[in-house]
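A.B. asks: This is what each chain is made of:
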Amino acid sequence: MKRIEAIIRKTKFEDVKEALLSSDIDWFEYHDVHGIGQSRQERIYRGVQYSTDVIERVALTIVCRDQFVQPTVKVIIETAHTGEVGDGRIFVSDMIDTWSIRTGEHGDTVLRDKK
Amino acid sequence: MNDIALSLDTVWMLLAAMLVFWMQPGFALCEAGFTRGKNTANILFKNFVDFMFGSLLFWFIGFGFMFGSDGSGFIGMPNWGDLSFYHGDLPVEGFLMFETVFCATSATIVSGAMAERTKFSMYVIYSAVISLFIYPIEGHWTWGGGWLCNETEDGFMMQTFGAVFHDFAGSAIVHSVGGVLALIGAMALGARRGKYAKDGSSRAIPGHSLTLAALGVFILWLGWFGFNPGSQLAASGEVNRKAICHVLLTTNLAAAAGGIATMFVTWLKYGKPSFSLMLNGVLAGLVGITAGCDLVSPVGAVAIGLICGIVLVFSIEFIDHQLHIDDPVGASSVHGVCGILGTLLTGLLSTSGGALYGGGWGFFGAQCFGILVIDLWAAVCGFALFYGIRKLHGLRVDARIEDEGLDVYEHGETCYN
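First to last, the protein sequences are chains A and B. Residue 1 is where the first sequence starts when you use my numbering, and the numbers rise one by one after that. Residue 1 is where the second sequence starts when you use my numbering, and the numbers rise one by one after that.
For the record, the hints were derived by calculation from the structure and aren't laboratory data. For each residue, glycine too, the CB sits at the ideal point set by N, CA and C. Each hint should be verified, as a subset may be incorrect.
Simulated crosslink set (DSS-like; lysine-lysine; CA at most 30 Å straight-line) [stated by the list, open to error]: (1) A:K10 - B:K391; (2) B:K198 - A:K10; (3) B:K272 - A:K12; (4) B:K38 - B:K242.
A short, non-exhaustive set of chain A residues, derived as facing chain B with CB atoms under 7 Å [to be verified]: (5) W27; (6) Y45; (7) R46; (8) G47; (9) V48; (10) V54.
So here's chain A without its partners, still in its complex pose:
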């Protein structure tokens, strides 16, 4: 069982969401994230020019069984790709255990990803 975290462009969120739902994943979490990076954007507010290093992205969190990691990562890379700097990153880490609150079962069989 693995946890996949992907940081993607906000503009690619809809595409990635559709692709994940039509592949083997039927539940994932996402949240808006602000990152600080080297690239800066010029802004003007009421005559004061300033640059912001805050970069807005969407982070997805997907927990799945081992055999789904490769296809899921492939789907994200294919759909979130533009080729420009800033397309994002994917992190994969081990997940030790999981419980279903409804049934009390645990282990990766409670994950509802398809066989």
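Got chain A sorted already, so can you dock chain B onto it with the hints?
C.D. replies: For chain B alone, kept in the frame of chain A given last:
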């Protein structure tokens, strides 16, 4: 006077008063939008304070200071809530309401410039003093029939300039007074924490909602359709019905021209048209046209709007970058600088007596003198008031309160939950 005609005039005056009242939410939203979300309850509250205190104090005393009888032309008799001294064609209670909303407009200008760092208790004191004293006194000199607008041949203005001071709806009397007080208040208060870097360079502190600010400016624009055309105080008869239409047109043209001028100046200056400044540009045009909206032609109105919209951008930059006075909403530039500018331009562009229309320099001189006297009064009162309160009571909240937001510490309730 025809009874129906008088009723028509009264209804028009009341309708205009209601529209001018509607400028209060315009100011409130504009100021809320240009400031941070942690101070929103505070800034909205201050706009209510202005209108609540203004309504009571102007009714009880200020109205007498402004319109009460006197011999010298400098100050009227306080009326102590008694309106029977006033003898005009229009019902006095309606006229009081009309004048009250103008007083409250002048008072509410300052809250934006002093936003995000002022003690609430201090603001209540300020708000009471302007409605009670500062505004009614200079209002007496002008609209109250005092010395600046005394048209008798042996009056000071007629003797000196051959013309009296003209401020149709209050570029000088309402807006420049509010703007001057805003500038001095912001100066006495000092900048918000983090506004200026150690090397003195200005930092942007973006407001939390340009959506609110935009709605506020549209509401103000609508409110001005009462502010200026309503100041005719009559709608009946050919002269009046033409006048209110003319004033409405010049008001709208100047607003549009002001916004467009700011849009293009910022586009050229910063490479992109600045929405936040364009909002101020619309108000700059409106403030500018207010003095002469009855006297200038439509072309003159566009000229006033364009000039005010252009000057606004440089004024905001100068006050921020050079003077290092932190005015989060630009009130001192919009109402102060453009109020003065509009009053002076009336002396040049008036089709009857304006210098550019062959009227000579007497009227322009009267405008220069009038605005100088009025704003000197505002400045002296402002210095005494704000520096006095600073010494006796303190103007600013503690640094920690400022950092975490006035809403939590000054009021114990937040706007966004």
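A.B. asks: Each hint: holds or not?
C.D. replies: We went through each hint and held it up to the structure:
1. A:K10 - B:K391: 52 Å, violated
2. B:K198 - A:K10: 36 Å, violated
3. B:K272 - A:K12: Holds, because 27 Å separates the two Cα atoms, which is no more than 30 Å.
4. B:K38 - B:K242: 47 Å, violated
5. W27: 30 Å, violated
6. Y45: Status holds, d = 4 Å.
7. R46: This hint holds: A:R46 lies near chain B, its Cβ roughly 5 Å from the closest one there, short of 7 Å.
8. G47: 5 Å, holds
9. V48: Holds, about 4 Å.
10. V54: This interface hint is violated because 12 Å lies over the 7 Å limit.
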